[in-house]
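Chains A and B, in that order, give the protein sequences. Quick note: the first sequence uses our numbering, first residue 1, plus one each step. Quick note: the second sequence uses our numbering, first residue 1, plus one each step.
For the record, the hints were derived by calculation from the structure and aren't laboratory data. In this text, all values refer to a predicted model and were calculated from it rather than measured experimentally. Check each hint, because a few of them may be wrong.
Footprint (simulated), chain B over chain A, 3 or more residues, beta carbon under 8 Å [stated by the list, open to error]:
#	stretch
1	85 to 99
2	118 to 131
3	145 to 159
4	215 to 224
Virtual Cβ for every residue (Gly too), placed ideally from N, Cα, C.
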Amino acid sequence: MKLESYFTTLGSLEEQKRLDIISNNIANANSPGFKKDSVHFSDVLGEVSYTSMSQGPIHQTGNDLDIALSGDGFLSVQTDQGILYTRAGNLTLNNAKQLVTQDGWPVLGKDAPISIQGKAKLRITEDGQIFDGDNAIGSIDIVQFPPDVSLKKAQNGYFEPQAAGTQPEKATNCFVHQGALEGANFNLVEEMARMVQTTRNYESYQKTIQNSANLDSQVISKMSG
Amino acid sequence: MRSLWTAATGMAAQQTNMDVIANNLANANTTGFKSSRGNFEDLMYQTTVPAGAQNSAGTTVPTGVQIGMGTKTSSVEKLFAQGNFTETSNPMDLAIQGNGFFQVLRGTQQVYTRAGSFKTDQNGNLVDASGYALQPQVSIPKTAVATSVDSSGVFTATDATGKVVQTVQITLYNFPNPSGLQSIGANYFVPTPASGNETNALPGGPEGMGTVLQGYLEASNTNVVNEMVNMILSQRAYEANSKVIKSADEMLQMANNVVK
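Generate coordinates for the entire structure from the input sequences, incorporating the hints supplied.
In structure tokens:
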């Protein structure tokens with residue numbers, strides 16, 4: 001096989017992968033706290049996907065158990081796979097009145113789940129303290145990772161540190177907005193533009209493969225003729 | 001290509017979202033209706049290049065490649081925000097200002113509702129719009145000409161001379177997690193393992209059940225403007241997902257056309 005058809009085939013596969021990632025971004029348009037991925041191809045077989053941790057848009061919902069984080073923080077969640085981290089703040093209560101995510105895993109306060117009796121109006125302050133009326137009943141543990149720690153996506157909107165066991169630190173520059181949610185952080189127009197680009201790149205790869213095949217058949221027919 | 005399926009999960013999610021929005025809007029005038037919200041989250045990720053692996057140049061891959069598989073509906077959650085109060089001046093209409101529910105006996109099943117448009121049946125019992133009796137039962141004597149309910153839920157019936165002929169305490173109920181209640185239609189909710197068991201308390205007490213308002217009904221808590229905005233967003237997201245399918249299809253078509 002000639003080298004050019006090898007490269008163009010690899011290129012086509014890369015473009016398919018790029019479309020896979022774009023489609024996952026777009027499919028998650030309604031997932032609160034979703035962070036977009038992008039893939040970068042450096043040289044042959046050199047590929048890296050990045051998750052952009054940029055702030056998503058915050059929109060009001062008016063629901064007392066919705067919280068949006070602005071800044072670099074995460075909520076700590078006690079799951080069956082250990083403590084995972086999320087920015088999806090569409091919280092709810094379970095039958096034991098604990099503050100849980102939509103999957104039912106408890107959101108951690110200071111190392112323990114948070115119980116909410118809900119006798120009066122629930123209020124969550126900017127630094128994550130929870131008040132039932134005027135009584136302080138706990139605070140949500142908002143954590144952050146140092147810039148050199150990279151995170152990977154676990155399923156269902158959770159993140160985990162790349163190196164297992166990395167401990168986060170207390171978030172210093174993160175605010176909690178009660179009654180609001182953080183939307184997915186991608187720009188639809190940008191993703192569409194990237195999708196068009198992907199399709200066109202793919203098209204040129206296919207054209208190159210075709211040309212190369214045409215050349216081969218011409219050579220074969222000339223030699224044999 | 002994964003993207004076909006990924007985009008399909010996105011379209012399915014938007015369809016669910018639209019169904020939820022449609023039901024909220026359809027019930028914009030339903031007394032005691034609580035709107036719902038679809039919650040979505042990303043599916044699992046396929047790690048094609050694990051971070052920390054060695055690449056061909058002998059260095060360590062810093063972040064790897066993770067490709068997501070789309071989205072899924074994690075839950076459709078009922079939002080128990082207080083609805084607006086509509087004044088009806090009907091003494092049998094009761095609204096709850098707070099978190100509680102009325103308990104109604106539907107056949108043999110105890111069900112819970114916030115729709116307080118009560119009436120009296122032929123035996124003088126207080127029943128809801130579907131004819132099921134409020135619990136604990138409130139009976140109004142035949143001699144009663146006027147009824148009143150105070151904010152702490154004490155139901156009082158007086159006769160023509162102004163003498164009190166009946167007083168009944170109305171009890172309210174609540175659950176550890178009201179969002180986990182199951183809607184069974186006709187404004188009724190029934191408990192599930194997720195909602196927890198009911199607790200009862202008197203209106204106006206420290207348990208946060210809320211107070212009872214006579215002569216008012218609680219309107220649906222659907223916010224029509226918000227639902228409209230969500231509908232537009234949902235439609236656009238659906239469209240974007242369908243464009244992804246189209247692009248993926250075009251790419252497959254090109255690949256097929258290489259060999260003629």
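Just pull the numbers of the violated hints for me, sorted ascending. 4
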